[in-house]
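*Asks:* Sequence:
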Amino acid sequence: MAFKSVLPRRSNTVTTNTTTATRTSTTTSTGEEDAIPDSDYKDTTNLLVERLQAWKHVCGNLEDYVATTMKVQKSHAKELEKVFKTVSEPIKEEHHFDQGATGVAGLFESLRRNTQGLAEAHADAENRLKTSVVPILENLHTEIKTKAKELGGGAIKHGKEVTKSRAVTQKHIELLGQYAATFETSKSRLDAAHDPYILSRGVTYRLGRQVADENLHFQEILTIQNSFPAFEKHIVETIQRAMNEFFQCMTAQTDHHRNMYSNIVNHAQEIGVDFEWNNFFKRNDATLLDPNAPQRDLATIKYANQDHHATKPLVEGILDRKSRAMLKGYTGGYFAVTPAGYLHGFKENDDTRHEPVPDISLYLPECTIGGFNDLKFSVKGKDLSGGKVGNTFHMTSEYNFKARTKNDLEQWQAVLTNPSLWSGSGSAVASPGGSQITSPVSPISPAATMPNAGESSTAGAAAVGTTEKAATTETPAAGEKPATETAPAPAPAPAGESAPATEPLPTTTTTTGTEGTTTKPTGQEEGVVSVPTAEKK
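Mapping of the sequence shown onto numbering that gives the first Met the number 0: residues 0 to 536, in sequence order.
Hints in this document: simulated from the structure, not taken from any laboratory.
Calculated cross-link-like contacts (lysine to aspartate or glutamate; reagent style EDC-like; alpha-carbon spacing at most 16 Å):
hint: 1; residue 1: Lys77; residue 2: Glu119
hint: 2; residue 1: Lys375; residue 2: Glu409
hint: 3; residue 1: Lys311; residue 2: Asp350
hint: 4; residue 1: Lys405; residue 2: Asp319
hint: 5; residue 1: Lys159; residue 2: Glu219
hint: 6; residue 1: Lys321; residue 2: Asp373
hint: 7; residue 1: Lys55; residue 2: Glu142
hint: 8; residue 1: Lys73; residue 2: Asp123
hint: 9; residue 1: Lys346; residue 2: Asp358
hint: 10; residue 1: Lys41; residue 2: Glu160
hint: 11; residue 1: Lys55; residue 2: Glu137
hint: 12; residue 1: Lys129; residue 2: Glu62
hint: 13; residue 1: Lys41; residue 2: Asp212
hint: 14; residue 1: Lys144; residue 2: Glu62
hint: 15; residue 1: Lys73; residue 2: Glu119
hint: 16; residue 1: Lys144; residue 2: Glu231
hint: 17; residue 1: Lys148; residue 2: Glu49
hint: 18; residue 1: Lys41; residue 2: Glu219
hint: 19; residue 1: Lys159; residue 2: Asp42
hint: 20; residue 1: Lys346; residue 2: Asp319
hint: 21; residue 1: Lys91; residue 2: Glu108
hint: 22; residue 1: Lys375; residue 2: Asp319
If you anchor each label on the Cβ, the simulated ranges turn out as follows:
hint: 23; residue 1: Pro89; residue 2: Leu288; range: 24 to 30 Å
hint: 24; residue 1: Arg323; residue 2: Pro355; range: 22 to 28 Å
hint: 25; residue 1: Asn214; residue 2: Gly176; range: 22 to 28 Å
hint: 26; residue 1: Thr404; residue 2: Asp358; range: 20 to 26 Å
hint: 27; residue 1: Leu46; residue 2: Gln177; range: 35 to 41 Å
hint: 28; residue 1: His256; residue 2: Glu137; range: 23 to 29 Å
hint: 29; residue 1: Pro355; residue 2: Asn283; range: 35 to 41 Å
hint: 30; residue 1: Leu221; residue 2: Glu137; range: 29 to 35 Å
Here the structure is a predicted model, which is why all the values come from computation and not from measurement.
Ideal placement from N, C-alpha and C gives every residue a C-beta, glycine not left out.
Work the whole structure out from these sequences, hints included.
*Replies:* So, in structure tokens, the structure goes:
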């Protein structure tokens, strides 16, 4: 047929600059092509349109990435403003630190300056992204859209024309077939316009126009397809340029951050470990303590009444006190007799580590003292170390002591047998030359050992260690005048001489007869010294 010469001959493979695609053949089994091929290149067009859509999404995602990064930079700038506010105000008690640039105050100034710079760096990064990266991606996005419009406006439009041409050709081919069949079956005359010859030439004409449209459409699509490698190269290069600008922007910000944080760290490292203290010490040397000043010594401290005579013990030292338990024997302790009339006992003589609270306190004017023999002596009375409430329930007890040496015993005996030394505040001690004893009291009774102030007694004789036999005193019966026989008062020991050994003091025993009452002296424990009260008148 004549129209076959104008139809393009296509191989099964179409080769472009970058791709090799296998096409479906439209030839018949004899190698001839159909007048109306099955392919209309829509698949190729749709695939290229989808390819551009993919690139458009790539560009859009990059734009979103950069836009979100810009928002983050803006947010970081605001957050760093909050950080800056934490150090914007001066330090409270700032006067405690050196105000120079090399101290803590300078460190906080560096924090303020660099933190403000960090916030500004984030704001600058946002602005650079907006002016240098975003426009590149936006322009690329626009180019991709334009390319897609070209593909859709040209190729799709020409594809419709090809479809229309094929429809016209198909109509004339069918008309030719109809009148060719009529020619075979009918001997009647055909119209001139329906002559198969005329119809065949009309098909050739229309088929030629169809093929021209198909070839034009093919060349247009092929041209667009061949332009894709260069266009995609442009896309990739544009994306690379945008990412390079992004890198430059973020690297500048990162370097800025590194430098600012490095400045802060270096400033902190340059502060001498003793710089602030040394300067603080210089500024406040009048208030701070001098490390070279000597420490206080208890021995050099003076206080009011420190040397009052009442604070000095009459005698003190270590004594062994017999325990009240049967098997414990004697226990050592530190004892002292005070001018206030107390015999205090302590576990140890240490006023620095422990509170000096006495374990035992005996008020000597209310006690009976005696038994000076073989380094031992005894004191009988109430322990007053427990306070007022506890003292109320204390019973009179006898306490036995033992000195370590004979010399120690003599010192204790010299004080304990001289009540004038420890009579206590407000107590009256009878002088050796006092009034006569009218009612001697047994030393066993602690209630009778306290002398009454202003009254005379015979305690002076006991204090100097002299005793004599007591005279008997008769007590007349009722209605008769009493007849009292008294013993002469003993003479006091000469001044400067030690008191002799104490002998038993006289006691009296009273018997009642028809004519009166007679008092007889009884034996007294050896070495007992008592301070009796004068008989009431």
